[in-house]
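Asker: Listed below are the residues making up each chain.
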Amino acid sequence: MTSSNQTLSPEQTLLSVKDLTMMYGSRIGCQNISFDLRPGEVLGIVGESGSGKSTLLNCISAQLKPTFGSVSYHTRHDGSQDLFADMSEPERRFLMRTDWAFVHQNPRDGLRMGVSAGANIGERLMAVGWRHYGNIRDTATDWLGKVEISTERLDDLPSTFSGGMQQRLQIARNLVTAPRLVFMDEPTGGLDVSVQAKLLDLLRGLVQNLGLSVVIVTHDLAVARLLSHRLMVMKNGHVVESGLTDQVLDDPQDPYTQLLVSSILQS
Amino acid sequence: MSQSTTASSYNYAYLDEQTKRMIRRALLKAVAIPGYQVPFAGREMPMPYGWGTGGVQVTATVIGPSDTLKVIDQGSDDTTNAVSIRQFFEKTADIDTTEKTKDATVIQTRHRIPEETLTEGQILVYQVPIPEPLRFLEPRETETRKMHALEEYGLMHVKLYEDISRHGHIATTYAYPVKVNGRYVMDPSPTPKFDNPKMDNCAALQLFGAGREKRIYAIPPYTKVQSLDFEDHPFEIQSWDQDCALCGSTDSFLDEVILDDKGNRMFVCSDSDYCQSRQDGSMPSSVEHTLSQASQMQSVNSEASK
Ligand SMILES: Nc1ncnc2c1ncn2[C@@H]1O[C@H](COP(=O)(O)OP(=O)(O)O)[C@@H](O)[C@H]1O
Ligand SMILES: [Mg+2]
Ligand SMILES: [Zn+2]
Numbered sequence: 238m239t240s241s242n243q244t245l246s247p248e249q250t251l252l253s254v255k256d257l258t259m260m261y262g263s264r265i266g267c268q269n270i271s272f273d274l275r276p277g278e279v280l281g282i283v284g285e286s287g288s289g290k291s292t293l294l295n296c297i298s299a300q301l302k303p304t305f306g307s308v309s310y311h312t313r314h315d316g317s318q319d320l321f322a323d324m325s326e327p328e329r330r331f332l333m334r335t336d337w338a339f340v341h342q343n344p345r346d347g348l349r350m351g352v353s354a355g356a357n358i359g360e361r362l363m364a365v366g367w368r369h370y371g372n373i374r375d376t377a378t379d380w381l382g383k384v385e386i387s388t389e390r391l392d393d394l395p396s397t398f399s400g401g402m403q404q405r406l407q408i409a410r411n412l413v414t415a416p417r418l419v420f421m422d423e424p425t426g427g428l429d430v431s432v433q434a435k436l437l438d439l440l441r442g443l444v445q446n447l448g449l450s451v452v453i454v455t456h457d458l459a460v461a462r463l464l465s466h467r468l469m470v471m472k473n474g475h476v477v478e479s480g481l482t483d484q485v486l487d488d489p490q491d492p493y494t495q496l497l498v499s500s501i502l503q504s
Numbered sequence: 019m020s021q022s023t024t025a026s027s028y029n030y031a032y033l034d035e036q037t038k039r040m041i042r043r044a045l046l047k048a049v050a051i052p053g054y055q056v057p058f059a060g061r062e063m064p065m066p067y068g069w070g071t072g073g074v075q076v077t078a079t080v081i082g083p084s085d086t087l088k089v090i091d092q093g094s095d096d097t098t099n100a101v102s103i104r105q106f107f108e109k110t111a112d113i114d115t116t117e118k119t120k121d122a123t124v125i126q127t128r129h130r131i132p133e134e135t136l137t138e139g140q141i142l143v144y145q146v147p148i149p150e151p152l153r154f155l156e157p158r159e160t161e162t163r164k165m166h167a168l169e170e171y172g173l174m175h176v177k178l179y180e181d182i183s184r185h186g187h188i189a190t191t192y193a194y195p196v197k198v199n200g201r202y203v204m205d206p207s208p209t210p211k212f213d214n215p216k217m218d219n220c221a222a223l224q225l226f227g228a229g230r231e232k233r234i235y236a237i238p239p240y241t242k243v244q245s246l247d248f249e250d251h252p253f254e255i256q257s258w259d260q261d262c263a264l265c266g267s268t269d270s271f272l273d274e275v276i277l278d279d280k281g282n283r284m285f286v287c288s289d290s291d292y293c294q295s296r297q298d299g300s301m302p303s304s305v306e307h308t309l310s311q312a313s314q315m316q317s318v319n320s321e322a323s324k
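Those protein sequences? They're chains L and P, same order as listed. Each residue of the first sequence is one higher than the one before, counting from 238 in the numbering used here. Each residue of the second sequence is one higher than the one before, counting from 19 in the numbering used here.
Don't read these hints as lab results, they were simulated from the structure. Worth double-checking, as some hints may not be accurate.
[Unchecked claim] Straight-line alpha carbon distances no greater than 27 Å define the calculated DSSO-like cross-link-like pairs of lysine-lysine that follow:
#: 1; chain 1: P; residue 1: Lys177; chain 2: P; residue 2: Lys242
#: 2; chain 1: L; residue 1: Lys255; chain 2: L; residue 2: Lys472
#: 3; chain 1: L; residue 1: Lys383; chain 2: L; residue 2: Lys435
#: 4; chain 1: P; residue 1: Lys197; chain 2: P; residue 2: Lys47
#: 5; chain 1: P; residue 1: Lys120; chain 2: L; residue 2: Lys383
#: 6; chain 1: P; residue 1: Lys164; chain 2: L; residue 2: Lys302
All chains should be built: construct the whole structure from the sequences, respecting the hints.
Answerer: Here's what the structure looks like:
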């Protein structure tokens with residue numbers, strides 16, 4: 238498996254967010270957020286419940302249209318494009334099922350529960366025009382192996398899988414089209430601690446081997462430390478601190494971050 | 019055809035003229051965009067939904083006193099459903115009816131396309147229970163509309179994939195999805211896939227009415243209709259080991275008929291007019307030829323790989 242970021246050098250920007258604000262009526266979802274994501278970089282977004290993490294993730298993955306600000310993505314063929322100003326809805330939807338992936342906290346939101354594991358993995362392939370059943374099936378089998386699910390389960394429904402297996406299936410289903418950018422919202426959230434550890438190992442391996450760029454939302458600082466290169470700490474819709482993960486967690490500057498880190502240590 | 023020609027208090031063909039105009043507008047749009055589902059404000063008809071109220075409204079809208087109507091249910095003209103719809107139009111629309119495919123100008127059908135090749139000037143009206151081919155995997159109407167609009171049809175192949183993974187082959191035999199005019203994916207439900215090739219490049223106008231879901235769609239004459247499939251699992255139609263026990267046809271759609279309670283059975287044409295005509299020796303000679311043409315497989319992939 239080769240890195241899928243050949244078109245960009247590590248210094249270039251894959252995703253650029255400028256002055257992004259999302260209002261729900263008069264309520265602030267997130268406000269005035271700017272950052273750049275480089276190829277192969279893993280950015281963690283941490284903060285307590287209600288701080289605006291999911292809102293931000295949904296805006297930058299084009300699932301929500303921000304009230305103000307811009308999100309630009311470096312497309313494979315047309316260079317940097319503003320998701321909302323330059324791209325049409327069909328183009329955004331195409332991006333979402335090819336170059337991007339979105340891993341939901343609840344696998345039921347990211348899987349088709351009514352069809353087999355193989356069909357779940359094959360869906361994105363068929364969506365981009367694969368029409369050879371045997372090839373689709375072989376590729377799905379391959380990906381089951383990569384996410385450590387027995388290939389004998391290929392024709393089984395996801396509802397017969399454990400929570401951890403469902404989450405790994407969701408990951409396989411997303412990665413099968415070799416996306417460059419993966420968004421994750423609390424991917425380990427609903428799982429038992431021991432299952433979480435296994436999933437984190439798997440995720441870390443995939444991210445490294447495939448050279449993925451990732452934006453991962455989590456309220457779990459241990460998850461953030463394990464996976465992300467850089468961190469943004471959010472509170473009440475604002476970014477209160479950002480920097481290299483080790484720096485932010487070992488030497489927090491903002492009082493809120495200090496509180497967050499110390500409460501983790503105590504618990 | 020707007021004057022009331024019957025003694026009843028109903029308007030000609032039961033529907034009021036305003037409703038007919040509204041349905042005609044929907045039909046025109048449907049013909050202009052082959053395979054696209056046009057919403058229409060369906061009316062209550064004096065029969066239950068399962069009885070083909072969508073088809074009845076379309077027929078009532080396109081029919082006039084000079085028309086000759088044939089109604090089939092499965093392939094038969096004499097089931098309760100076919101008889102009652104035929105009687106309904108005899109009473110309300112003052113039309114001639116027939117069981118002969120070639121004599122009909124309008125044919126309303128629930129499950130079959132007649133074996134005899136349809137001709138220019140004929141209209142085939144389908145009664146459709148479930149018009150949305152994507153419904154099986156995507157229950158949200160907003161999402162299926164978007165998929166049609168953006169031509170995102172990968173999900174149709176997910177359904178076929180699932181079929182093969184469960185049964186070893188594409189086991190969908192009815193309501194087999196087709197792509198119309200290279201653009202819209204359409205559900206020909208509930209006809210058997212055996213009839214799919216007859217929809218392709220058909221000389222007659224094909225109109226589809228879904229009463230419960232209030233949708234109309236159409237295939238204009240001589241429109242390309244392709245059955246979806248995989249390169250390594252190409253579309254094929256049903257075939258039988260037997261010939262028709264009554265007329266000896268080797269290439270018509272056969273129904274199994276139980277003869278007694280001792281397990282004796284036979285296979286006969288589902289299209290009773292076709293079968294009878296062959297038994298009477300009245301089948302036009304051109305029909306056999308066109309039938310074998312029609313049963314040649316049409317598939318997306320055999321087209322694409324040329
Ligand atoms: N659909 C919505 N409508 C109105 N307010 C919302 C909606 N989604 C989130 N919010 C509000 O926006 C803020 C941020 O929420 P969210 O992004 O879900 O935070 P987090 O993911 O960090 O828990 C909260 O105050 C929340 O109540
Ligand atoms: Mg959240
Ligand atoms: Zn026969």
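Asker: For every hint, state whether the structure bears it out.
Answerer: Against the structure, the hints come out as follows:
A C-alpha spacing of about 22 Å is found between Lys177 of chain P and Lys242 of chain P, which places the hinted pair at or below 27 Å, so the restraint holds. Straight-line distance between C-alpha atoms of Lys255 of chain L and Lys472 of chain L comes to about 18 Å, which keeps the hinted pair within the 27 Å bound. The suggested pairing of Lys383 of chain L with Lys435 of chain L holds, with an alpha-carbon distance near 13 Å, which does not exceed 27 Å. Under the criterion of a C-alpha separation no larger than 27 Å, the hint pairing Lys197 of chain P with Lys47 of chain P is consistent with the structure, at around 18 Å.
Taking the CA atoms of Lys120 of chain P and Lys383 of chain L, the gap is about 60 Å. The hint is violated against a cut of 27 Å. At roughly 17 Å between alpha-carbon atoms, Lys164 of chain P and Lys302 of chain L fall within 27 Å of each other, so this suggested pair holds.
Taken one by one, the earlier hints fail for this structure only at number 5.
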